[in-house]
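> Let's have the full structure, built from the sequences with the hints guiding it.
Given next are the chains, with one letter for each unit.
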Amino acid sequence: MAIKARDRIRAKLTDEQTTVRVLLAHPMHTGRGENEQGELIPAEFIQDIRCWRNGKEVLTIKCGTATARNPYFSFQLAGGASGDKIMVRWVDNLGAKGIAETTLS
Amino acid sequence: MTHQADPKRRSFIKGAISASTLALVASSGLLLPRRLLAHWPSDAFTAETVEDALLALLGEAEVANDKQIAFKLGAPPSYAVNGASVPVEIRSELANVERIAILVDKNPNPLAMSVDLTPDVALPFKSMIKVAEDSEVIAVVRADGKLYRTSRDIAVDIGGCA
Chain P
1 MAIKARDRIR AKLTDEQTTV RVLLAHPMHT GRGENEQGEL IPAEFIQDIR
51 CWRNGKEVLT IKCGTATARN PYFSFQLAGG ASGDKIMVRW VDNLGAKGIA
101 ETTLS
Chain A
1 MTHQADPKRR SFIKGAISAS TLALVASSGL LLPRRLLAHW PSDAFTAETV
51 EDALLALLGE AEVANDKQIA FKLGAPPSYA VNGASVPVEI RSELANVERI
101 AILVDKNPNP LAMSVDLTPD VALPFKSMIK VAEDSEVIAV VRADGKLYRT
151 SRDIAVDIGG CA
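Here the protein sequences come in this chain order: P and A. Under this note's numbering, the first residue of the first sequence is numbered 1, with each subsequent residue one higher. Under this note's numbering, the first residue of the second sequence is numbered 1, with each subsequent residue one higher.
Misleading hints may appear alongside valid ones.
[Stated by the list, open to error] Restricting the straight-line Cα-Cα distance to at most 30 Å, the calculated cross-link-like pairs of lysine-lysine (DSBU-like) are:
1) 85(P) x 126(A)
2) 106(A) x 12(P)
3) 85(P) x 97(P)
4) 97(P) x 146(A)
5) 126(A) x 97(P)
6) 126(A) x 56(P)
These aren't lab readings, by the way, just hints derived from the structure by calculation. All of these numbers come straight from a predicted model, not from anything done at the bench.
Next comes the structure, spelled out in structure tokens:
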């Protein structure tokens, strides 16, 4: 299934903390939903999301099917300087992958 | 022949020793590739009760109820029109938070997500989850090796086929 929307990532520095917001474009089918014809849509959901700051892994999120469609996450990183590279990668249960990257301004 | 040992016998003993060491190392899990160890914990995510999910994920289901975790659910609080995307927000004053697990009691598979944090990450952590019907949502936090649990009840108008 073609996914047209792009993964988005924003990072902002406030009060010595980096706020990272991630919005991934993914249908997150649970395997229990039905399409218009009443057929079950096979499960397709993100399982693993990892976040790196300047090449260092800082956060791992394991998702189940109960994570909402187009998953949104927001978290804080202690410290941070302008020019920091924040990268997020995800993998779903079918092996599809995605990557989103931003530089702290 | 008394001084020189039979070379076949030597090599057999050598082989037997290295084989047994290898078996020992393999059974202790040292040889498992890191990728396998870090794999998605399917037992925890396919568990059908909160207790089973916690057992599979954290190795224990016994947790202390605790007020040190501030946990916001739904906007307005404890209510969601659409169960397909319910905002959750977790804050805590606890130091060294290692892991956060979010579970929805009445969902077919309660475990919604499990987050591993390094000391670089600070709370709050926000996300969106699906809630199938009116239910109790549980947040379990592991900090300094101890488990803390907080829960909220939520009412949903339209279930979010979780």
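> Return the numbers of the hints above that this structure violates; sort them in rising order.
Hints 2, 4 are the ones this structure does not satisfy, whereas the remaining hints hold.
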